[in-house]
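Residue numbers (our numbering), protein chains in the order written: chain A, 817 to 894; chain B, 9 to 295.
No lab work stands behind these hints, which were simulated from the structure alone.
Please note that a few of the clues may not be correct.
Cβ-to-Cβ under 10 angstroms is the rule here; a few derived chain B residues that face chain A [unchecked claim]:
# : residue
1 : Leu58
2 : Arg117
3 : Leu124
4 : Ala142
5 : Ile146
6 : Asp226
On a predicted model such as this, the values are computed, not experimentally measured, just so you know.
Virtual Cβ for every residue (Gly too), placed ideally from N, Cα, C.
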Amino acid sequence: MTEEAVLLFIDAIEDDEALVLLGEKRFGFPRALLPASAKEGSWLRLSVDSAQQAKVGEEIEARRARLLRDDPGGNIKL
Amino acid sequence: MQALLALVLCLACARSSLAEPPHSASAVVDIIAVGHGDSILITTAAGKSLLIDGGDTDAAPAVLAALRSRAVCPLDMILLTHRHKDHLGGLRRVIEECGARQFMDSGFRHDSEIYLRLLESLEKHGIPLRQAEAGRQIDLGSGAVLTLLGPPQPSIEAHDAANANSVVSRLTVEKSSVLLVGDADFAEEHWLMSRGSRLRSTVLKVGHHGSRTSSSSDFLRDVAPRLAVISNKPNDAKHPHPETDARLHDSKARILETAKEGTIHLELDPEGVTFHTANHPQKVRLP
Numbered sequence: 817m818t819e820e821a822v823l824l825f826i827d828a829i830e831d832d833e834a835l836v837l838l839g840e841k842r843f844g845f846p847r848a849l850l851p852a853s854a855k856e857g858s859w860l861r862l863s864v865d866s867a868q869q870a871k872v873g874e875e876i877e878a879r880r881a882r883l884l885r886d887d888p889g890g891n892i893k894l
Numbered sequence: 009m010q011a012l013l014a015l016v017l018c019l020a021c022a023r024s025s026l027a028e029p030p031h032s033a034s035a036v037v038d039i040i041a042v043g044h045g046d047s048i049l050i051t052t053a054a055g056k057s058l059l060i061d062g063g064d065t066d067a068a069p070a071v072l073a074a075l076r077s078r079a080v081c082p083l084d085m086i087l088l089t090h091r092h093k094d095h096l097g098g099l100r101r102v103i104e105e106c107g108a109r110q111f112m113d114s115g116f117r118h119d120s121e122i123y124l125r126l127l128e129s130l131e132k133h134g135i136p137l138r139q140a141e142a143g144r145q146i147d148l149g150s151g152a153v154l155t156l157l158g159p160p161q162p163s164i165e166a167h168d169a170a171n172a173n174s175v176v177s178r179l180t181v182e183k184s185s186v187l188l189v190g191d192a193d194f195a196e197e198h199w200l201m202s203r204g205s206r207l208r209s210t211v212l213k214v215g216h217h218g219s220r221t222s223s224s225s226d227f228l229r230d231v232a233p234r235l236a237v238i239s240n241k242p243n244d245a246k247h248p249h250p251e252t253d254a255r256l257h258d259s260k261a262r263i264l265e266t267a268k269e270g271t272i273h274l275e276l277d278p279e280g281v282t283f284h285t286a287n288h289p290q291k292v293r294l295p
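Isolated chain A (complex conformation):
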């Protein structure tokens, strides 16, 4: 995969599954993951959300730093 975003075509929706096309390859895709407006014939764009990754990552690192504040390091006796 070299593209930044992957475009998928919704070929069919059957029960709980959407069948999506990437070129000539067909994949099953959970219907529950489709946006509300998606229907047969819609296109989906899959891409990495770097902004969300950074936002959650920053919050995690800040919380870990606070929680680790009192770690004396070294061996631990329970």
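For this one, chain A is given, so just place chain B on it according to the hints.
Here is chain B on its own, set in the frame of chain A:
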């Protein structure tokens, strides 16, 4: 008559002790049946407790039941091997409903919402975090010591790097030992071997539920386990993977799966390991 009765009782006692010599466990390791995931409880005769991983979210009731049956709430420590959901999913409920005095994990990043929620619970309850680093030791009393052998430093870079940077630990009680490898894969096994880690262990908790990319032949040769335990879910054709299953059989280790046995209990004493399982309660002494 009384003398005869005493003699019979005495002979019965002697026979019993010959059949199953008493071994007083210094530490007990419960490999809890949580389906696809890991959750391992260590308790010691000194009354200390440490939970390694908490299974997936839907495993929380099974984990909590195991903790309550051992009366270990609040836990002395929780250790998270890595941040995949099948290892951390159940921990938030464990923290909320059982509690813990300390929490330890590595700094290897895998920044999910579910991990963020876990950190929120730690802060809410004032549970301090400890950094998991190779070489750090945790003394559980009664001669039981957990030594951290990983995560690798520097981190292993890969597309599926969370597994490859699992916290690996080795529990010892004198001659008895259990190697707990989380979801370590070939790359982490190679790192452990290359730095000369002390791997030889009586029991191996098999990496990554018996997946194809864990438990290399070289690694199994170095660990030389007499018992290999797989934490897996019933009717899962991929765990253990047939190739891994073959390597484990070649290692000559006895193999137990939580999928077939239910929770597996190991009793460690200074001389060896005795085990039994939920489905086979008869105790067996490892040779």
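Taking the closest Cβ pair, is B:Leu124 under 10 angstroms from chain A?
5 angstroms, holds
Restraint: B:Arg117 near chain A, CB-CB cut 10 angstroms. Satisfied or not?
Result: holds, 7 angstroms to nearest chain A Cβ.
Hint validity - B:Asp226 Cβ closer than 10 angstroms to any chain A Cβ:
30 angstroms, violated
May I ask you to test the interface hint for B:Ala142 with respect to chain A, counting a Cβ-Cβ separation under 10 angstroms as satisfied?
Not OK, violated: B:Ala142 not within 10 angstroms of chain A, min 13 angstroms.
Closest C-beta approach of B:Ile146 to chain A relative to 10 angstroms, hint status:
Cβ of B:Ile146 sits 5 angstroms from chain A, so the hint holds.
Given a cut of 10 angstroms on the nearest C-beta pair, is the interface hint for B:Leu58 held or broken against chain A?
7 angstroms, holds
In the structure shown, a violation is registered for the earlier hints numbered 4 and 6, in ascending order.
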